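J.: The primary structure of each chain is shown beneath.
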Amino acid sequence: MTDAFATAPASPTDRSLPFQHMQSAHCESGVMAAMLSHYGLTTTEPMAFGLANALSFAYVPLVKLSGMPLIAYRMPPRWIIKGLQKRIGLRMKFQTFRDAEAGMERLDELLAQGKLVGLQTSVYWLPYFPEEMRFHFNAHNLLVFGRHENSGDTEYSISDPVFEQAVCCARDDLKKARFAKGALAAKGMLYYPEFVPEEIDYARVIPEAIKANYRIMAKAPIPVIGLRGIRYLGKNLLKVAADPRKKDKYLPLYLSHIVRMQEEIGTGGAGFRFIYAAFLNEAAQHTQRDLLQEASAKMTEAGDQWRQFALVASKMARNRIPMDAAELRQIINTCADTELAVWELLRPIWKK
Amino acid sequence: MKKQDVPQDQVSTYAGQNKLLYAVDDQGNYTGVRSSGWEVESAATLDAITAINQDRLAAWERGNRGETSPLEFHMYNRRMDLSLLAQTTGLFKWRIRRHFQPTVFAGLSDSMLARYGDALGLAPHDLTRLPEKPPSD
Chain A
1 MTDAFATAPA SPTDRSLPFQ HMQSAHCESG VMAAMLSHYG LTTTEPMAFG LANALSFAYV
61 PLVKLSGMPL IAYRMPPRWI IKGLQKRIGL RMKFQTFRDA EAGMERLDEL LAQGKLVGLQ
121 TSVYWLPYFP EEMRFHFNAH NLLVFGRHEN SGDTEYSISD PVFEQAVCCA RDDLKKARFA
181 KGALAAKGML YYPEFVPEEI DYARVIPEAI KANYRIMAKA PIPVIGLRGI RYLGKNLLKV
241 AADPRKKDKY LPLYLSHIVR MQEEIGTGGA GFRFIYAAFL NEAAQHTQRD LLQEASAKMT
301 EAGDQWRQFA LVASKMARNR IPMDAAELRQ IINTCADTEL AVWELLRPIW KK
Chain B
1 MKKQDVPQDQ VSTYAGQNKL LYAVDDQGNY TGVRSSGWEV ESAATLDAIT AINQDRLAAW
61 ERGNRGETSP LEFHMYNRRM DLSLLAQTTG LFKWRIRRHF QPTVFAGLSD SMLARYGDAL
121 GLAPHDLTRL PEKPPSD
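Chains A and B, in that order, give the protein sequences. Start counting the first sequence at 1; every next residue gets the next number (the numbering used here). Start counting the second sequence at 1; every next residue gets the next number (the numbering used here).
One or more of the hints may lead you astray.
Unchecked claim - Pair ranges (Cβ atoms, derived):
1) B:D110 - A:P61: 38 to 44 angstroms
2) A:K86 - B:P102: 52 to 58 angstroms
3) A:T154 - B:D110: 27 to 33 angstroms
4) B:D25 - A:E194: 36 to 42 angstroms
5) A:R245 - B:S12: 28 to 34 angstroms
6) A:N150 - B:T103: 44 to 50 angstroms
7) B:P131 - A:A102: 32 to 38 angstroms
8) B:P102 - A:R318: 34 to 40 angstroms
9) A:K246 - B:P131: 31 to 37 angstroms
10) B:D25 - A:R98: 48 to 54 angstroms
11) B:D25 - A:R204: 26 to 32 angstroms
12) B:M112 - A:K235: 42 to 48 angstroms
13) A:K247 - B:G121: 35 to 41 angstroms
Hints listed in this document are in silico derivations from the structure and should not be mistaken for laboratory results. Owing to the predicted nature of the structure, the values given are computational and were not obtained by experimental measurement. Even for Gly, the Cβ is constructed at its ideal location relative to N, Cα and C.
Produce the complete structure using the sequences and hints provided.
T.: Rendered as structure tokens:
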């Protein structure tokens, strides 16, 4: 294997790399797929997501975000980048900064070397986001691929994976977004590959990644994670609906919150279940194993059930149909049952 | 989800943008499909925005009557709440709550105002006053 930068297509004087923007559903898997593809290792978003075994479920009532419990359908930020390193032998360099200006200068320096640079940012401070999408979420990933002057001001060319086209961002705005404080504060984190492998040994890494994801979903040591976490959320909905102080005002907002975490936050639909099903589909093509295709179809079924949950929960939150927590719990349990069936189906993939 | 079932509801929250979803094509393979939004998702987004806009309006009205400092309005106007502002500024919540009192706020040092200004992305001049008109959604 050779150093990927030997063939990297940009010279230090060329500020606008011949970089191809690609739209993705999710920021972190999208950034990694685009980055690897740019350096010659063609990778799709679902493959990046699946190989990093990033599918999960977590319902953590003790951790509150804007007064709502933490609900996540994937592993925490940076999991995908780190997981890919381990899985495919990629080597990334991460840097954080105490001083914001130093962080901006380092970015300029790397761009001048023709590198593609990943950044962790806060969605709220990125002006190119639609107003109604701007919330304080500090772990949004994007790629910077160029820098230019626009009537005296410095602007950066940004490939934000969730957008259709590449966008521009002024220096001060980008600085603010990189150095926003609070939960998951990025501290200006930037990252770039030091070594990109030439190929992926799919026959080896796909079973590894699936087994690792099975362990997260079915064998988590604490009941708030994985399939048990899904059932725990269903049980909690019953509890909230029975609480006279919560059932009128809090419950509808709570249901909206769950739907947002499942659909709004760039999940590719159904809280990453469709991305994972796409990964299984692609894995079937790489390894010629029908079992993976079957599991993909089953995961699609689980995703469809999650979409059904969102639809019903949304109607109940809006009083279009009567609130019925027992029904919601039942749909959630069906999702957990179907997902369990997926993992049972996949067992022979890693069991020799 | 089948490719043809991907919602295309043209939701306002996307501001004309499309998002990428994954769906199954006629051969049973996954493909990326652009979606102009799903009403279910956008209703949930708007719920969150409405909740914070209500707090913002209430803070403006109380501020206008002199019952709270402009700081509270600006906090909600930046889509923050007390715990987030506390994390961002590194101040205790009780201290921020105290700074909501107009008399205490009026006596804040320049450096404390700069700390809030930095967290909220506002010049001290803007931080210490309310907009003339109540915010409209």
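J.: Does each hint fit the structure? Answer for all of them.
T.: Here is how each hint holds up against the structure:
1. The supplied range of 38 to 44 angstroms is met by B:D110 and A:P61, whose beta-carbon atoms lie about 41 angstroms from each other.
2. Range check, A:K86 to B:P102: Cβ separation about 55 angstroms, and the 52 to 58 angstroms hint holds.
3. Under the hint 27 to 33 angstroms, the C-beta atoms of A:T154 and B:D110, about 29 angstroms apart, fit the expected range.
4. Checked against the hint of 36 to 42 angstroms, the C-beta distance between B:D25 and A:E194 comes to roughly 37 angstroms, which is consistent with it.
5. Taking 28 to 34 angstroms as the suggested C-beta distance range, the pair A:R245 and B:S12 conforms, at roughly 33 angstroms.
6. Roughly 45 angstroms separates the CB atoms of A:N150 and B:T103, a value that falls within the hinted 44 to 50 angstroms.
7. In this structure, B:P131 and A:A102 meet the distance hint of 32 to 38 angstroms, their C-beta atoms being roughly 36 angstroms apart.
8. In this structure the supplied range 34 to 40 angstroms holds for B:P102 paired with A:R318, their Cβ-Cβ distance being about 38 angstroms.
9. With their beta carbons about 34 angstroms apart, A:K246 and B:P131 fall inside the hinted range of 31 to 37 angstroms.
10. In this structure the hint that B:D25 and A:R98 lie 48 to 54 angstroms apart at CB holds, the actual value being about 49 angstroms.
11. For the pair B:D25 and A:R204, the beta carbons lie near 29 angstroms from each other, so the given range of 26 to 32 angstroms is met.
12. Restraint check, B:M112 to A:K235: a C-beta distance of roughly 45 angstroms satisfies the suggested window 42 to 48 angstroms.
13. For the pair A:K247 and B:G121, the beta carbons lie near 38 angstroms from each other, so the given range of 35 to 41 angstroms is met.
In the structure shown, no violation is registered for any of the earlier numbered hints.
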